[in-house]
Every structure is written in structure tokens, then in C-alpha cells.
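Chemist: Given the coordinates of chain A, assemble chain B onto it according to the supplied hints.
Chains as they are written, first to last, in the numbering used here: chain A, 1 to 59; chain B, 1001 to 1143.
Accuracy of the hints is not assured; some may be wrong.
[What the hints assert, rightly or not] Partial selection, computed: residues in chain B whose CB lies under 10 Å from chain A:
1) Lys1050
2) Leu1058
3) Met1061
4) Thr1113
5) Ala1119
6) Ile1133
7) Asp1134
8) Leu1140
9) Lys1143
Hints listed in this document are in silico derivations from the structure and should not be mistaken for laboratory results.
Ideal Cβ positions, reconstructed from N, Cα and C, are used throughout, including at glycine.
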Amino acid sequence: MNTTSHALLMALFAACVAVVGGVLLKDTPKEQARSAAGIFGSLVGAALVLGWVLYFLPL
Amino acid sequence: MAARAVSKRPARSSQPAPGASPAARPLPLVYLAAWLVPGGGHLWLGRTVKGVVLLVMLPLMFLIGLWLDGRLFPFTPGEPLVALAAVANVGAGLPYFIAQALGAGAGRVLSVTYEYGNAFLITAGLLNALAVIDAHDIALGRK
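Here chain A stands alone, though its shape is the one from the complex:
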């Protein structure tokens, strides 16, 4: 396949995990949406922070 955007794939993965996680963790739609948004933000935010931290580490 031709998709080579790692950021897009990472966001897609985070979105899928967030939706399933939110639905499993909470019972009402409002809570589920809030939980999914939190999971999505945490996953993407952690990936960006780790990416920048690793950028400064010499290999």
C-alpha cells in the first residue's frame, strides 16, 4: 500500500483504540465520548512527546 505518513497511521491507530477503549470503559455515550477523546489525546500526545525526546538523544 502507498500510505507512508507515519503521523497519519499513528493518529488512525490512536483513533481506533480510543473508540474501542471509550466504549468498553464507560456506559453512557457522553462518558464514552469523553473517555475516547482522553485516550486519543493521551496516545497522540505521548507519541509526540516521546518523538521529540528521542530526537535529542544521540544514537
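Modeler: Chain B in isolation, oriented as in the chain A frame:
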């Protein structure tokens, strides 16, 4: 005031549908349904919204994993990490067996998205395992 309180509609939720008593379901069959058909356990237990979301999202994640050239790992006793990945793959249920029957999931190591595909395939199986545990809790009346 009391009449208003009575007429107030309850918050929407994915609570069990009327007549769907979790206690009436044989637990092993609930586990089997929840594993084989992602969301199947929830649908059987009357949690329609949860069941439909799982039924759409988990096979979708599995398909994206195959599309990204991910691999369905074989059970290799000499390689524990590969065997663990294989267990996670089997966790996806019917999509795994259908993909195996169709010869999909060979994986292409040289593909840029190979590791992403593996992440999607493995995570789909592990999330389905979480869904089975959630169905277990619902069947026991804990949720």
C-alpha cells in the same frame, strides 16, 4: 415538580434491552460468542450500542492491519515473542480464521507499513480479549 421529575427521560446509555437477562445466558457460550464475533457477546447480552461499535471497529482494525501488509504470526515454540504475537492474533476471533483460510496475512517485511500492520493486527486481537472480559463482567451482573 414531581410530575416533571417522573416525565424526565433517563440518560441514554447502552444498558441491557428489556427482556435480556444476563443470568439466562450460559457463560461459556457468551465467552465463545464474544471471542468469535467481536461484539457478539455484548449484542447477545443486550448491550446493542457497545456490541455494534465493537462489531464495526475491531474487524476494521484487523482489515487495516492486513491492508498495511501486517503479518499473522505462526505459533513457533522456539520464539516466545512470536508465539505471544500469534496468541494476540488469534484473539481477533473469526476475522483471524477467515484471513487464514483466504491466505491473507503473510506480511511483507520490506513494506514501510509492516510494523504498523502488525500493531493493528495484534491490538485488534488484544482489544477483542478485553471485550470478552467486559462481556464476562456484564454476564455476571457486575456492570
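Chemist: Work down the list of hints and note, for each, if the structure agrees.
Modeler: Outcome of the hint check:
1. Lys1050: holds (5 Å)
2. Leu1058: holds (7 Å)
3. Met1061: holds (5 Å)
4. Thr1113: holds (6 Å)
5. Ala1119: holds (6 Å)
6. Ile1133: holds (9 Å)
7. Asp1134: holds (5 Å)
8. Leu1140: violated (16 Å)
9. Lys1143: holds (7 Å)
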